[in-house]
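Using the sequences provided together with the hints, build the complete structure.
Those protein sequence lines, which keep their order, are chains A and B. My numbering applies: residue 1 is where the first sequence begins, and numbers increase by one. My numbering applies: residue 254 is where the second sequence begins, and numbers increase by one.
For the record, the hints were derived by calculation from the structure and aren't laboratory data. Please note that the accuracy of each hint is not assured.
[Stated by the list, open to error] Computed list of lysine to aspartate or glutamate pairs in DMTMM-like fashion (alpha-carbon distance at most 20 Å, straight line):
no.	chain 1	residue 1	chain 2	residue 2
1	A	Lys241	A	Asp146
2	A	Lys149	B	Asp334
3	A	Lys149	B	Glu321
[Claimed, not checked] Example chain A residues on the side facing chain B (calculated, C-beta under 8 Å, incomplete):
no.	residue
4	Val76
5	Val129
6	Leu132
7	Phe133
8	Leu135
9	Ala139
10	Leu140
11	Ala143
12	Ala153
13	Ile156
14	Val160
Idealized CB from N, CA, C, for every residue including glycine.
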Amino acid sequence: MFLANPQRFMSFSKWAAPIFGVLAVGMLGIGFTLGFTVPDDYQQGQTVRLLFLHPQVSFVSMMAYAAMGVSAFFGVVFRHLLADAAARAAAPIGAGFTFLALLTGSFWGRPMWGTWWEWTDPRIMSELVLFLFFLGYMALLSAVDDEAKATRAANILAMVGLPNLAVVHFSVYWWNSLHQGSSITTTIMAWFHSLSGGGQADKPGLAPIYVAPFVLSFFGLACLFAALWLVRIRSEVWRRKAGALAVQAAGKA
Amino acid sequence: MNELATLFRRELALAWGRGGGPMLALPFYACIATLLPFAVGGDHAQLAPIATGISWLALALTSLLSLERLFERDFEDGALDLLALGAPSMVATCFIKCLAQWLATGAPLAIAAPIIALGLGAKPELWSLIFTSALLGGLGFAFTGGVGAALAIGSRRGGVLIAVIVLPLFVPPVIFGATAISQAADGLAWQSGFALLGAYSLASVALSPFAMAAACRNALS
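Dropping the structure here:
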């Protein structure tokens with residue numbers, strides 16, 4: 001692992017974080033502008049614009065949990081300080097994205113399904129459980145005084161919650177859900193199909209005019225997560241360094 | 254094997270007596286089951302459809318009660334250090350602890366569950382399904398709850414923290430168990446919900462001792 005070395009990570013992230021940030025701003029800017037200028041959907045009307053926010057935010061929330069869970073795994077198994085910092089850093093960002101996913105979904109559900117919130121929908125429920133896992137992670141982190149022990153305990157909890165990611169993903173296939181199946185995969189498949197000149201795909205994906213804002217805002221939000229995550233990991237490393245220096249200075253005085 | 258049997262007897266005695274166990278859990282269960290009908294109005298026509306749901310919710314909340322003492326007690330008086338030094342692995346120790354927890358609180362609650370559900374107005378013929386799913390669900394509550402209890406060792410405000418950690422893990426068994434019973438009440442096939450409840454509980458029995466052991470080793474390090 002190239003980035004496992006803290007010094008190499010710091011010199012990499014010094015450039016990577018702002019680059020991801022600029023990419024995020026650029027892609028989100030273009031994506032949202034396109035998203036607001038494309039014509040209304042003939043069935044959904046104006047609310048189709050949530051298509052350029054809700055699926056992407058939801059997917060990034062799962063990505064954030066995966067990032068936290070995998071970092072937690074490396075932290076627990078290899079006792080790697082940088083992995084611990086990465087897991088801790090991902091939690092609040094992931095909680096934010098998960099909350100946004102639930103909120104935008106609620107805004108979309110009201111006009112489309114006639115309900116803000118549906119307790120029997122497995123995808124809403126598993127996403128809510130994902131949110132609760134983020135909250136539990138942060139609660140556990142703040143409840144134990146010894147920082148190393150708190151991080152390790154919270155990381156074990158993060159690993160316990162990893163199977164829920166599969167439930168979020170597969171819930172629409174396993175149970176009856178208001179949510180549709182994989183709009184992203186279908187769109188990508190349909191897109192490749194049209195690129196290769198194969199004519200109409202078996203399942204039509206998004207209308208071609210919606211594909212660009214859909215994809216741009218997805219990569220934009222993914223870059224936003226990456227930038228925020230790197231910045232938070234860097235601040236964790238600095239905080240640790242500052243703590244060590246303070247102890248050193250106190251020893252000399 | 255003899256060590257495990259001794260450990261099991263100790264854990265059962267600790268879970269049964271000393272302010273934990275059924276003498277605390279059963280009254281608490283009864284109290285919640287008394288409060289909830291007042292909260293929804295107590296009208297029989299309103300209450301009967303949600304009777305089994307209420308008894309499930311009360312069961313899940315009651316299962317949280319004695320979790321705080323499951324590991325914290327042994328951690329405070331040093332017994333957990335001795336258990337970690339002993340011949341049985343930490344995984345086996347955690348398994349035995351949760352098994353005793355289940356027998357001392359889960360099983361008595363499972364016996365009380367049909368009585369409370371019937372008292373709230375559930376159909377009498379459902380009692381066997383309510384009992385078995387409460388017993389099976391209690392197994393899942395004890396083992397997933399043990400994970401929360403082990404993670405919260407040495408924290409401030411352990412009880413509230415355990416609830417925050419554990420309640421997301423309680424969501425699937427509550428959904429599956431309540432689904433099975435309400436399907437049965439409507440005369441539909443209840444087997445799929447019941448099977449999912451069993452799968453969740455047995456998976457938690459198989460997997461959570463490893464998480465608990467890791468959490469205990471972390472707290473003792």
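Tested hints:
1. For the given pair, lysine 241(A) sits about 17 Å from aspartate 146(A) by alpha-carbon distance, which is consistent with the 20 Å threshold.
2. The suggested pairing of lysine 149(A) with aspartate 334(B) holds, with an alpha-carbon distance near 16 Å, which does not exceed 20 Å.
3. Restraint check: the Cα-Cα separation between lysine 149(A) and glutamate 321(B) comes to about 18 Å, which is no more than 20 Å; the hinted pair holds.
4. Evaluation of the valine 76(A) hint against chain B yields a held restraint, the C-beta minimum of about 7 Å falling below 8 Å.
5. With its C-beta approaching chain B no nearer than about 5 Å, valine 129(A) sits inside the 8 Å limit, and its interface hint holds.
6. Hint on leucine 132(A) holds. Least Cβ distance to chain B is approximately 4 Å, under the 8 Å limit.
7. With a cut of 8 Å, the hint placing phenylalanine 133(A) at the interface with chain B holds, because the nearest CB-to-CB distance is about 6 Å.
8. For leucine 135(A), the shortest C-beta to C-beta distance to chain B is roughly 7 Å, which falls under 8 Å, so the interface hint holds.
9. Using the Cβ-Cβ criterion of 8 Å, the hint placing alanine 139(A) at the interface with chain B is satisfied: the shortest such distance is roughly 5 Å.
10. For leucine 140(A), the shortest C-beta to C-beta distance to chain B is roughly 6 Å, which falls under 8 Å, so the interface hint holds.
11. At its closest, the beta carbon of alanine 143(A) sits 4 Å from a beta carbon of chain B; the interface hint therefore holds under the 8 Å criterion.
12. The restraint placing alanine 153(A) at the interface with chain B holds, with a minimum CB-CB distance near 5 Å, inside the 8 Å limit.
13. Interface hint status for isoleucine 156(A): upheld, as the beta-carbon distance to the closest one in chain B is roughly 5 Å, under 8 Å.
14. Contact between valine 160(A) and chain B, as hinted, is supported at the beta carbon level, the nearest pair being about 6 Å apart and thus within 8 Å.
The structure meets every hint from the earlier list without exception.
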